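A.B. asks: Whole structure, please, built from the sequences with the hints as guidance.
Keeping their order, the protein sequence lines are chains A and B.
Oh and the first sequence: position 25 is 25 in our numbering, straight run, nothing missing.
Oh and the second sequence: position 180 is 180 in our numbering, straight run, nothing missing.
No lab work stands behind these hints: they were computed from the structure.
Careful: at least some of the hints might be erroneous.
[Unchecked claim] Residues from chain B that face chain A, not an exhaustive set, calculated with beta carbons under 10 Å:
(1) Gln3
(2) Leu4
(3) Asn178
(4) Ala189
Remember, it's a predicted structure, so these values are computed and weren't measured experimentally.
Where a beta carbon is used, it is the ideal one built from N, C-alpha and C, also for glycine.
Take a look at the letters that make up each chain.
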Amino acid sequence: MKPMAEGCNDKRGLPMIDLLDAYAAHFKAYIALQLQYRAELVIWLLGMVLEPVIYLVVWSSVARSSGGQVGGFTPAGFAAYYILFTLVNHATFSWIMHEFEFRIRNGEFSPRLLRPIHPIHSDIADNLTYKLLTSAVMLPAAIVLSLVFQPSFATPLWAIPLFVPALALGFLVRFFFEWVLALAAFWTTRVAAINQMYFAALLFFSGRMAPLALLPAPIQAAGNVLPFRWMISFPVELLLGRLSPSAALAGLGIQLLWLLAALAVLHLGWQQALRRYTAVGA
Amino acid sequence: MSQLRLAWVFFRLGALNELEYRANFFVQLFQALLSIGTALAALSIVFSHTTALAGWREDQLVALLGIYFLVGGMINLVIQPSMERLMEDVRLGTLDFTLTKPEDSQLLVSLKQIEIWKLVDVAAGAAVLLVALIRLGAGLGLRQAAAFAAALLAGGVIVYSFWLMLATCAFWFVRVQNILVIFQSMYSAGRWPVSIYPPWLRSTLTFLVPVAFATTVPAEALSGRLSGQTLLGAAALAALLFAFARWFWRRGIRHYSGASA
Chain A
1 MKPMAEGCND KRGLPMIDLL DAYAAHFKAY IALQLQYRAE LVIWLLGMVL EPVIYLVVWS
61 SVARSSGGQV GGFTPAGFAA YYILFTLVNH ATFSWIMHEF EFRIRNGEFS PRLLRPIHPI
121 HSDIADNLTY KLLTSAVMLP AAIVLSLVFQ PSFATPLWAI PLFVPALALG FLVRFFFEWV
181 LALAAFWTTR VAAINQMYFA ALLFFSGRMA PLALLPAPIQ AAGNVLPFRW MISFPVELLL
241 GRLSPSAALA GLGIQLLWLL AALAVLHLGW QQALRRYTAV GA
Chain B
1 MSQLRLAWVF FRLGALNELE YRANFFVQLF QALLSIGTAL AALSIVFSHT TALAGWREDQ
61 LVALLGIYFL VGGMINLVIQ PSMERLMEDV RLGTLDFTLT KPEDSQLLVS LKQIEIWKLV
121 DVAAGAAVLL VALIRLGAGL GLRQAAAFAA ALLAGGVIVY SFWLMLATCA FWFVRVQNIL
181 VIFQSMYSAG RWPVSIYPPW LRSTLTFLVP VAFATTVPAE ALSGRLSGQT LLGAAALAAL
241 LFAFARWFWR RGIRHYSGAS A
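C.D. replies: Here you go:
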């Protein structure tokens, strides 16, 4: 131990330039690490972009065949909607529901539970770091999509400052909601069916398959009450200028309510889940 | 004849393996019904705003959806698991055991892994297709039915040859799994007729990743919009790709040296 401690003491006198070098080296190493997976990154990007492009093409085709617009969306309007949707979906998505089953089946939760900090923190940190990195391919992809599909935006100025909290709340609601649902893995271990049900709900109620304004009235009404619209669709609608200022403020309030509800369920669910945990495989 | 017997043996093996996990059947059934349900709901939402999508009526698109699930189910039943097994066998060197058997090696690797619960997807796709056909009703004559069968067969052969060629690449480049993942993600574009896509995407889906031949072309045959030329083209492409895949496979095994031995 002693020589190491001395080594550390030596480092304390490190000149600033060397420290910067160390950072640069870390950065390069991290980039190199990610570049190892560049094929995976391309596949991931394809998965994120292809589905919205398909629905964009379908709806543009519908708009063209019904006199240039449907439900107030022109083809250029649909392009703006789906490009924004792709970006907001990227910012808010998490892979936690896929990972939980694996974590529990392999007893991977045990070391996480030993740490003196709630395991959700490392998930949040991982998520944000990953998003920061993948933005480097997501934003260029959005630019390419814009060049191909020629979107038209009509964003009112007041909506821009409101978009920031709307996006942040959308992320938090979706993240905590999916974390709570992922807890189901503590009880059933096989969660594929639950996940698929969740994704089916997300498809319709979050505005993924179609802008919510195009859905039948009962589904729209349900969508206003359920949490899914407030995860993705709401920030998109806000930035497209499809909401009035009062509707936007009310939306932020609903987001906040859902966040509180998710946090409450998370708190209770987590305590129950811990009691259930038996460390499979460990 | 011996090929058929062999297929039956592999099928029974797959069944015996999977019958241990009977609960998976219900999971698969639930998932198949859910994905077909959501796809049909999405279609009806689209058609609540229009009567035709790029010239296709709703019933015709329901038929396309049935074909999409049917072909997708076939891919997941035998093609994908067998090809993934093949690539894994090449990586580990366990392909030796297959190659030493006194049967055609291409046939053996193509049937090696069968996931029988995916039959649920095939059956569900067939049911959707059947319902759509009944609703399309009188429009379907004997000629169209024959054209449909031929187009579906050609599409199946094209998809199989495409997978086999990519998997054969594993003899030279050990990691080709990624290209196959790309196929799966592109396949989801096949639930809509490729004619709605912009030209660059349409040609990608036709020639680079042959999704169009697997779903759109058979559906066109059903709705009577398939020209004899396209059908002939699909059949010729199927024959060509199959012959090439077989030639390429033979080159591949000659190149194979057995990683473990």
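A.B. asks: State for each hint whether it applies.
C.D. replies: Verification of the supplied hints:
1. Checking B/Gln3 against chain A by beta carbon gives a least distance of about 34 Å; that is not within 10 Å, so the hint is violated.
2. Interface restraint check: B/Leu4 against chain A, minimum CB-CB distance 34 Å, threshold 10 Å, status violated.
3. With its C-beta approaching chain A no nearer than about 5 Å, B/Asn178 sits inside the 10 Å limit, and its interface hint holds.
4. At about 6 Å, the closest approach between the beta carbon of B/Ala189 and any beta carbon in chain A falls short of 10 Å, and the interface hint on this residue holds.
Hints 1 and 2, counting from the list given before, are not met by this structure.
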